[in-house]
Amino acid sequence: DAGVTQTPRHEVAEKGQTIILKCEPVSGHNDLFWYRQTKIQGLELLSYFRSKSLMEDGGAFKDRFKAEMLNSSFSTLKIQPTEPKDSAVYLCASSLRGGAYEQYFGPGTRLTVL
Amino acid sequence: GDKVKQSPSALSLQEGTNSALRCNFSIAATTVQWFLQNPRGSLMNLFYLVPGTKENGRLKSAFDSKESYSTLHIRDAQLEDSGTYFCAANSGTYQRFGTGTKLQVVP
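If you're matching them up, the sequences are chains A and B in order.
Numbering-wise (this note's numbering), the first sequence opens with residue 1 and increments by one.
Numbering-wise (this note's numbering), the second sequence opens with residue 1 and increments by one.
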């Protein structure tokens, strides 16, 4: 079975650009999470979907970050416009249902904003 | 201030020994999670806890919601246990991570 896949693995953007990161959860999983990891801020939850419904939108990230679940097997995270402080590893995870079930993480997308 | 504090921040363990990691939080957590990020950067779920304890092989975790802390005990540490351990305190859909404990297991 395929795990969580994320594309691209690396992205370099100029300040002010729009970038879209993609995630395919494990087939059959109902919950999908987007996280950001930086050396300074550590791990932060950006968005949480349950059965395609947005449950948590990570308040602090609302203005330039938008996560969508277009169908049960595909999600995107759009950052518009990008800023240098957005440079981070963006991780996607999925679980069967709720936190009681193990989360499976993707390999992450390393974003560098110049 | 930090809502989720982990201690120690770094730890070196001899193979075969035991240790405990701690996570204190200042939010009213209903559940706690523990994750391991290996040296290559891959993250994996270790535990998801409601108040109480869970055990999985050489790992055991406890969550005390009244005292707002959680612990992760590692028994008979192995080289492959090396990495950074994160705890996350959850309150509803709100989730806050600690800054991690970097563990190195040495022969």
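Treat the hints with care, since some could be wrong.
To be verified - The calculated lysine-lysine pairs, modelled on BS3-like cross-linking and capped at a C-alpha distance of 25 angstroms, are:
1) A/Lys-39 / B/Lys-3
2) B/Lys-5 / B/Lys-60
3) A/Lys-85 / B/Lys-3
4) B/Lys-5 / A/Lys-39
5) A/Lys-39 / A/Lys-78
6) B/Lys-3 / A/Lys-62
To be clear, the hints were calculated from the coordinates, so they are not data collected in a lab.
Original post:
What hints, given by number in increasing order, does this structure fail?
Top reply: none
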